[in-house]
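Q: One letter stands for each residue in the lines below.
Number of protein chains: 2
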Amino acid sequence: MKELEKITPLEQDFAKWYTDVVKQGNLIAYGPLKGTLVFKPNSYGIWELIQHYLNEEFKELGVQNVYLPLLIPERLFNKEKEHIEGFNPELATITHVGEEKLDEKVFVRPTSEVLFADLFKNTVESYKDLPIIYNQWANVVRWEKTTNPFLRSREFLWQEGHTCHNNAIEARQFTRTMISLYAKFLKHYLAIPVIVGKKTPKEKFAGACSTYTIEAMMKDGRALQAGTSHYLAQNFSKTFDINFKDSNNNYDFVYQTSWGVSTRLLGAIIMTHGDNRGIIIPPRVAPVQVDILELFAAKNPLVSKVSKSLYKELSRIYRVRLDNSDKNPGFKASQSEIQGTPLRIEIGPRDLENNMVTLVRRDTLEKIILPIDDVKHEVKNILHDIHENLYNLAKHRLDTNLIMVDNYDDFKKEIKEQKFVLAPFCCHDAEEQEIKDQTGATTRCIPKKLDRPFKLAPCITCKRITKRFVIFARAY
Amino acid sequence: MKELEKITPLEQDFAKWYTDVVKQGNLIAYGPLKGTLVFKPNSYGIWELIQHYLNEEFKELGVQNVYLPLLIPERLFNKEKEHIEGFNPELATITHVGEEKLDEKVFVRPTSEVLFADLFKNTVESYKDLPIIYNQWANVVRWEKTTNPFLRSREFLWQEGHTCHNNAIEARQFTRTMISLYAKFLKHYLAIPVIVGKKTPKEKFAGACSTYTIEAMMKDGRALQAGTSHYLAQNFSKTFDINFKDSNNNYDFVYQTSWGVSTRLLGAIIMTHGDNRGIIIPPRVAPVQVDILELFAAKNPLVSKVSKSLYKELSRIYRVRLDNSDKNPGFKASQSEIQGTPLRIEIGPRDLENNMVTLVRRDTLEKIILPIDDVKHEVKNILHDIHENLYNLAKHRLDTNLIMVDNYDDFKKEIKEQKFVLAPFCCHDAEEQEIKDQTGATTRCIPKKLDRPFKLAPCITCKRITKRFVIFARAY
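Chains as they are written, first to last, in full-length UniProt numbering: chain U, 1 to 476; chain Y, 1 to 476.
Next comes chain U alone, as it looks inside the complex (with noise of 0.2 Å):
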């Protein structure tokens, strides 16, 4: 039984109080092989939720989930060119079976475009055929020079999702109403406020026509990019040969899109809402909802009575963990809130002489003491708050450190602040290369709509009159 560790300030050191979470809350364990994670259960947990939650909302849509194979021969890789570049210096490559060589080279996925477009290309003949909208849940494999834990892993989870339509504007507006989805996702259920946009030219994803992002801001002020929705045109089926006769008889080339998100998400949940006692899981995704924790057992039997009689009570409604062990109450209550656990109950022999219990909010710390009777219909409304609660303190965070500048020395003092900065921008690739040589800020987006006025202004960079605002930040 490993004795809970301190966790690091995040004031003090945010980086390694990232760390220490991570490491704190059951969520991971590093991998024999540097840059590759273990999800333990209560990481993995989410992810199932998140899953599970996300193929609710995919079905309304018509998704069909699918699973493709991970290992890619590189003459099918090769093929497209701007894709390759993208992604050469990060491929797992395998060349060996055990001692024998192989005659062609074998990559990992680190997406799975071109295999898509291989099905593709095997499936679609007519345009009843169409559209094709599938979902795959998948590992990719993406060797990242420098990692860390949910952010930037050699190895991550995700579900890509790849369509195909007969038309361009059909396709444009999957593309839209896919990061739309995944915007009232992360507000629904992590609780999580984004600002929705497109890539400028130099950050889209390579291969697409256009990318479309969700920018959510942690607690550090950096931004995340939380997931993509990417517009690929007829790139990848002009390609591969994909076409489809459509109702005249005529040949066209399907217009595809391709969006995912991934196990980043997690890293997001931790740095909004996290705090120096750990991980805050927001409750619709947490493994464990309610932690009842039975307090000075051997004092009074009732108190396990009344534990075991409410865990099956609340156990029919939410994820409840009972912890009946005779380790001390405040390891109990330590190991519940490093763990993120949204509402914990407390079960002693002082409060059940009231015929009480207490409840405490994993968000606020605050104690609520509360006749058994009324525990049940009262968790409902707890955790409701809990979320809504976590929902406007980000959401709080993130109106108050959007800042807007009309000028390059307004712009690099609030990048230095780590605020998000709205600025009028040209978005040719050179300067954008050049502020983030000098800031370490990158362009997150082209956001569609934000509570403030726009209007024509001077880039900040050359000066040219443009209507275009970008958000830079400093990124993980």
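The hints are simulated quantities; they were obtained by calculation from the structure and are not laboratory data. We treat Cβ as the ideally placed atom computed from N, Cα and C, and that holds for glycine. One should not assume that every hint holds.
[As the list claims (entries may be wrong)] List time: in silico EDC-like cross-link candidates among lysine to aspartate or glutamate, alpha-carbon distance up to 16 Å:
| id | chain 1 | residue 1 | chain 2 | residue 2 |
| --- | --- | --- | --- | --- |
| 1 | U | Lys-101 | Y | Glu-5 |
| 2 | U | Lys-105 | Y | Glu-100 |
| 3 | U | Lys-312 | Y | Glu-125 |
| 4 | U | Lys-145 | Y | Asp-351 |
| 5 | Y | Lys-23 | Y | Glu-5 |
| 6 | Y | Lys-101 | U | Asp-241 |
| 7 | U | Lys-187 | U | Glu-388 |
| 8 | Y | Lys-59 | U | Glu-48 |
| 9 | U | Lys-101 | Y | Glu-90 |
| 10 | Y | Lys-128 | U | Asp-323 |
| 11 | Y | Lys-332 | U | Asp-129 |
[Said to hold, decoys possible] Calculated Cβ distances over 12 Å to all of chain U for the following chain Y residues:
| id | residue |
| --- | --- |
| 12 | Glu-82 |
| 13 | Glu-99 |
| 14 | Val-140 |
| 15 | Lys-187 |
| 16 | Ser-309 |
| 17 | Leu-370 |
| 18 | Glu-417 |
| 19 | His-428 |
| 20 | Ala-430 |
| 21 | Arg-468 |
Fit chain Y to the known structure of chain U by using the hints.
A: Below, chain Y alone, put in the same frame as chain U:
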């Protein structure tokens, strides 16, 4: 829109029949790398339901889901000698990232015993941490020379459970608990009867002390190993130094088990229940349980109206698909059959004149004409009957094709007839190999109990008196 092609009759060429069924049932496409598969919605949907229901069963036993890395460094894999020898020729080996050569070879997991061992070593300290009961859903890669969809492919999906216990009795018991769980699961969800037994020393898992298996009989008489549960004893814990302090403050190594089922189960479903029209999916794991077909909708607007209302009503309870396309009625029925939907409801103008619709069972092809109002109630009964019928047919086949012999001549004759053969056998490796070379049959298991009397008898090869009866068969 692809035309439906003919399926080769199974009596004519079983292997060709199988290939036709998997290709035409919207089940698979071949991946671009030889020996890899695309799981299309109709097969991946079955796998998702298997996952869902197995997760429910696992939960009852306190199993926690986790996810471990795909990639294993060579030094870790090589620690357990017997284990590495078992897998070495099939190991997909990463030597490069992009153009850069790695310092150490990295293997794509063929199974995860060594990864779990590494995790447990860093997790377990005290008997209070035990038992640990983990499971992961994952893809694994084994570079098989000959491949066959679902049965033997270079990548497959599975769950692998891994546990640590503080004593051998509990671990042995857990090994048996899991194999029983699998046997019940196959019966109740997949309608597949199995024989439960122990593998011979020659056929056990590399690195295990003993291996339990469930063996199913396919329609051609060959065996399919459908799930295994291994008692690993302290083999891995001693090699990887997974020790714990017991209640007397003495150190011991943990006792381990591992157990799994894979996407082979999809092959088992096809070859247990399929017929010359294609796959028949057992109702409980059918992605679509009921197909509603609108027929001649143009002739009477009531067709669409009734179809939609029935679709809406049944969707609350069942997984239902509505085909309201303008394809011809024969095509719609064939498509439903070839995809193995257990029940279809045909809604056409003629039946509707009498307020009736036609239900067609996929298993018996029986047509049932019913008043619309009775459909909802009857669907439940019919789906239940289909499951029972599929199971009973398979059970009868298994029972009548399991033959007991007491000499090697009869043994060879029965194996040639594609029977399961139960014979007294001493389980010496050399003789087991000889039988395999001569007859193509392998030992499937030493059954725990059978519905027929056992007695001491001379071994079919060495003639020594033995009480050990072993089942042999040709196998997938």
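Q: Now tell me, hint by hint, if it's right for this structure.
A: How the hints compare with the structure:
{"no.": "1", "hint": "U:Lys-101 <-> Y:Glu-5", "in the structure": "39 Å, violated"}
{"no.": "2", "hint": "U:Lys-105 <-> Y:Glu-100", "in the structure": "13 Å, holds"}
{"no.": "3", "hint": "U:Lys-312 <-> Y:Glu-125", "in the structure": "31 Å, violated"}
{"no.": "4", "hint": "U:Lys-145 <-> Y:Asp-351", "in the structure": "67 Å, violated"}
{"no.": "5", "hint": "Y:Lys-23 <-> Y:Glu-5", "in the structure": "10 Å, holds"}
{"no.": "6", "hint": "Y:Lys-101 <-> U:Asp-241", "in the structure": "34 Å, violated"}
{"no.": "7", "hint": "U:Lys-187 <-> U:Glu-388", "in the structure": "10 Å, holds"}
{"no.": "8", "hint": "Y:Lys-59 <-> U:Glu-48", "in the structure": "14 Å, holds"}
{"no.": "9", "hint": "U:Lys-101 <-> Y:Glu-90", "in the structure": "12 Å, holds"}
{"no.": "10", "hint": "Y:Lys-128 <-> U:Asp-323", "in the structure": "13 Å, holds"}
{"no.": "11", "hint": "Y:Lys-332 <-> U:Asp-129", "in the structure": "15 Å, holds"}
{"no.": "12", "hint": "Glu-82", "in the structure": "16 Å, holds"}
{"no.": "13", "hint": "Glu-99", "in the structure": "8 Å, violated"}
{"no.": "14", "hint": "Val-140", "in the structure": "9 Å, violated"}
{"no.": "15", "hint": "Lys-187", "in the structure": "26 Å, holds"}
{"no.": "16", "hint": "Ser-309", "in the structure": "20 Å, holds"}
{"no.": "17", "hint": "Leu-370", "in the structure": "29 Å, holds"}
{"no.": "18", "hint": "Glu-417", "in the structure": "37 Å, holds"}
{"no.": "19", "hint": "His-428", "in the structure": "29 Å, holds"}
{"no.": "20", "hint": "Ala-430", "in the structure": "26 Å, holds"}
{"no.": "21", "hint": "Arg-468", "in the structure": "35 Å, holds"}
Taken one by one, the earlier hints fail for this structure at numbers 1, 3, 4, 6, 13 and 14, listed in ascending order.
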